[in-house]
Amino acid sequence: MNNEHTHVLLIEDNPGDADLVRLRLLEGDSAVNVSSVNRLADGLASMAKEPPSVVLLDLNLPDSHGADTFRKVLEKAPGIPVVILSGQDDEVLAMNALHQGVQDYLVKGDITSRHLGHAMRYAIERQALLRALEISRRQQLEFKNQFLSHVSHELRTPLTCIHQFVTILLDGLAGDINPEQRHHLGTVLNSVHQLRAMIHDLLEATRAESGKIRIEPRCITLGDLIQQATSMMAATAKEKHVGLEVGLDARIPFVYADPDRVLQVLINLIDNGIKFTPPDGSVLVKACLVDADPNMVYLSVADTGRGIGPEAKALIFERLYQDPNSVDDNRAGLGLGLFIAKELVELHGGRIWVASEVENGSTFSFTLPLYSLARLLFPVITYEGQLRNAIVLIKVELTPLSSPPRTNWKEVCAKALDTLRHCVYLDKDLVLPVMGKAETKETFFVAASTDLERAEIMMKRIREQLGPILKVSGVLQVSATAVSPPSAEDGRPLEELVQAVADQITETVRYELASKPNLENQTGKEVQSKTK
Amino acid sequence: MEKLQKILIVDDDPDLRRALKIRLRANHYDTAQASDGYSAIAVAQKEQPDLIILDLGLPAGDGSVVLERLQASDTLSSIPVIVLTARDPQANEQKMLQAGATAFFQKPADNNELLDVIRAALPNTWPGTALLS
Chain H
1 MNNEHTHVLL
11 IEDNPGDADL
21 VRLRLLEGDS
31 AVNVSSVNRL
41 ADGLASMAKE
51 PPSVVLLDLN
61 LPDSHGADTF
71 RKVLEKAPGI
81 PVVILSGQDD
91 EVLAMNALHQ
101 GVQDYLVKGD
111 ITSRHLGHAM
121 RYAIERQALL
131 RALEISRRQQ
141 LEFKNQFLSH
151 VSHELRTPLT
161 CIHQFVTILL
171 DGLAGDINPE
181 QRHHLGTVLN
191 SVHQLRAMIH
201 DLLEATRAES
211 GKIRIEPRCI
221 TLGDLIQQAT
231 SMMAATAKEK
241 HVGLEVGLDA
251 RIPFVYADPD
261 RVLQVLINLI
271 DNGIKFTPPD
281 GSVLVKACLV
291 DADPNMVYLS
301 VADTGRGIGP
311 EAKALIFERL
321 YQDPNSVDDN
331 RAGLGLGLFI
341 AKELVELHGG
351 RIWVASEVEN
361 GSTFSFTLPL
371 YSLARLLFPV
381 ITYEGQLRNA
391 IVLIKVELTP
401 LSSPPRTNWK
411 EVCAKALDTL
421 RHCVYLDKDL
431 VLPVMGKAET
441 KETFFVAAST
451 DLERAEIMMK
461 RIREQLGPIL
471 KVSGVLQVSA
481 TAVSPPSAED
491 GRPLEELVQA
501 VADQITETVR
511 YELASKPNLE
521 NQTGKEVQSK
531 TK
Chain V
1 MEKLQKILIV
11 DDDPDLRRAL
21 KIRLRANHYD
31 TAQASDGYSA
41 IAVAQKEQPD
51 LIILDLGLPA
61 GDGSVVLERL
71 QASDTLSSIP
81 VIVLTARDPQ
91 ANEQKMLQAG
101 ATAFFQKPAD
111 NNELLDVIRA
121 ALPNTWPGTA
131 LLS
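So the protein lines, in turn, are chains H and V.
If you read the first sequence in our numbering, its first letter stands for residue 1, the second for the next number, and so on.
If you read the second sequence in our numbering, its first letter stands for residue 1, the second for the next number, and so on.
These aren't lab readings, by the way, just hints derived from the structure by calculation.
Honestly, I wouldn't trust all of these hints.
Pairs of lysine-lysine residues, derived as DSS-like cross-links and limited to a Cα-Cα distance of at most 27 Å, are as follows [said to hold, decoys possible]:
(1) H:K415 to V:K21
(2) V:K6 to H:K144
(3) V:K21 to H:K212
(4) H:K395 to H:K313
(5) V:K95 to H:K441
(6) H:K238 to H:K212
(7) V:K46 to H:K410
(8) V:K3 to H:K471
Short, incomplete list of chain H residues facing chain V, as computed with Cβ under 7 Å [stated by the list, open to error]:
(9) H118
(10) E125
(11) N145
(12) Q146
(13) H150
(14) V151
(15) H153
(16) F165
(17) I168
(18) S191
(19) K410
All values reported here derive from a predicted model rather than from experimental measurement.
Every residue, glycine too, gets a C-beta built ideally from N, C-alpha and C.
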């Protein structure tokens, strides 16, 4: 311990007790200064202003009692050692306090100067040790993550070499090969792909563990994504003679999720399903709505494989878990896939679980949030409990100049979107979540609480700011259409009016994106959600 | 016979340089090589390649520095640069593209994707080139 003065903050409402404790502290150690307050609120304020070396805390104060008192102190200042000084010798309360992070529990009648001085010093030391332990734990975690990241990087170099020369042989660039040689080399290439996927998972799991995975939710059509996933897995399914089917609820509206990440989860689950299903079995991918949970969409991947036992079910989403009974003949993994899938689903605000019986197949299910424009629009297009009287939908189109677009097209679009968000007023305009996947042409929409005339000013600003970002890679087009808000006189509640505007905007957006005439539902008031 | 377009391969792994050379020759490109960051600039100046494939983890000058120097050079800044590295795209891709790279590939990259990007980046390539040589 260093020689600096120990600063004790005494939170005690009984003036007699306070004086006695102060005296005992000063008797025991001259290098101590004591400040005392008699209310918890004052104590918390004092801690915030100048953190003491240790807090000496009475539990029954004018503004707080019992366990609440130490909980509030611990919550407010997690790093500061707390010693309770209580009038009652309550072993249960004392243990409870220690388990929650209090350093010591002293009973008022028992203390001597020597005893109190020791208790203060030991509390400070123990707290310092705890902090050192926590720092070392974090350093170890960081070291492990760096190590894994380094390893996965280093493994890629020799793997690249193997990949290059195997493909050189396979493509006949080093002379003709016979069918048997071709078959063997094909096996090597498969292993290279497996190894590459494992290295990728290793890094991804490291990222998930340290909270470094980011998602970019968009407004997406789930059906397209499921089709994409199943068509990507079709060859694998066919090779193993496993059927791959899709059951899609046609009523599913847009979903608010990161398409690349959802695809990753789907492929992982489908791949697992195929892997653990014997030939002539099947894998069924389904998406549906559930009445009890109206804000989420439910996706599931069901197989007719051997199923999972109860012990495995509890552990299956853990990192590195592999079912010891599921020895797979040819396609092992690291046991990271489901761990990553779980992290990704939870990042979206969904959950993932499995239902299974041994010999009776498994069904992995997860949820994703539905896209609700009305919820996003509400604060923007209402003012003092009323709908704003003019709303305009501004369309910002970015068209790449070359086809296929330059490889940094995605980044250009991301930068443009970021800049666009700075061109609007946060309290009365909304940049709509981006629709679909950015492959070629990218379209952004802004719902602006303004009339067409004044929208011109915003459009000018958008052109000026986004133009330089596109430079040589694309063309920028900005246009606007008025959204006619439903009349407030018809006596409907505000929520319904906002919903009507949201429906109208959704329909306009869909019409613009589909770029084909759609003359139904022009008023947008009774629009039903439909998937393409 | 038409003069072949030349691609400079910058990588410190001689085996990978050799493999890329075989692959590129088979697709009718001439190649030049450099094994570190320092010589990359010198070879680029001497050979005036039509395109550069650049690794990032290089001795004597990291690939990102090489890219910076290429972009700053009057004579070399117009040469398209494709980054081919073992490094993590999440931490590097955007940075490299912003620094002027045409494309970013993580090793091991798919040959066809790489060749597609090379063809797209080279202005004078036309479908008949392969038949001419």
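Review point. Holds or violated: is there a CB of chain V closer than 7 Å to the CB of Q146 of chain H?
Key: Nearest chain V Cβ about 12 Å off; hint violated.
Practice item. Given the hint that K95 of chain V pairs with K441 of chain H, test it: the Cα-Cα distance must not exceed 27 Å. Key: Holds: K95 of chain V and K441 of chain H sit about 23 Å apart, inside 27 Å.
Check your understanding: Between K395 of chain H and K313 of chain H, does the CA-CA distance stay at or below 27 Å?
Key -> violated, 48 Å
Practice item. Return the status of the interface hint for E125 of chain H: holds when the least beta-carbon distance to chain V is below 7 Å, violated otherwise. Key: violated, 40 Å
Review point. Are K46 of chain V and K410 of chain H close enough, with their CA atoms no more than 27 Å apart?
Key: Between K46 of chain V and K410 of chain H the Cα gap is close to 34 Å, so the pair fails against 27 Å, i.e. violated.
Point to revise | Pair hint K238 of chain H and K212 of chain H, alpha-carbon separation not exceeding 27 Å | key: violated, 36 Å
Review point. Taken at face value, is the distance from the CA of K212 of chain H to the CA of K21 of chain V at most 27 Å?
Key: Violated: K21 of chain V and K212 of chain H sit about 37 Å apart, past 27 Å.
**Study point:** Interface restraint verdict for F165 of chain H against chain V (beta-carbon cut-off 7 Å)
**Key:** Result: holds, 6 Å to nearest chain V Cβ.
Practice item. Hold the hint about V151 of chain H up to the distance rule: shortest CB distance to chain V must be less than 7 Å. Key: violated, 11 Å
Exercise for review: Take the C-alpha atoms of K415 of chain H and K21 of chain V, compute the straight-line distance between them, and say whether it is at most 27 Å.
Suggested key: Status violated; Cα separation ~36 Å.
**Study point:** Proposed interface contact between N145 of chain H and chain V, which counts if any beta carbon pair is under 7 Å
**Key:** Violated, because the Cβ-Cβ distance from N145 of chain H to chain V comes to roughly 12 Å (cut-off 7 Å).
Check your understanding: Close enough to count: is the Cβ of K410 of chain H nearer than 7 Å to one in chain V?
Key -> Because about 9 Å separates K410 of chain H from the closest Cβ in chain V, which is outside the 7 Å limit, the hint is violated.
The structure fails hints 1, 2, 3, 4, 6, 7, 8, 9, 10, 11, 12, 13, 14, 18, 19 (numbered hints given earlier, in ascending order).
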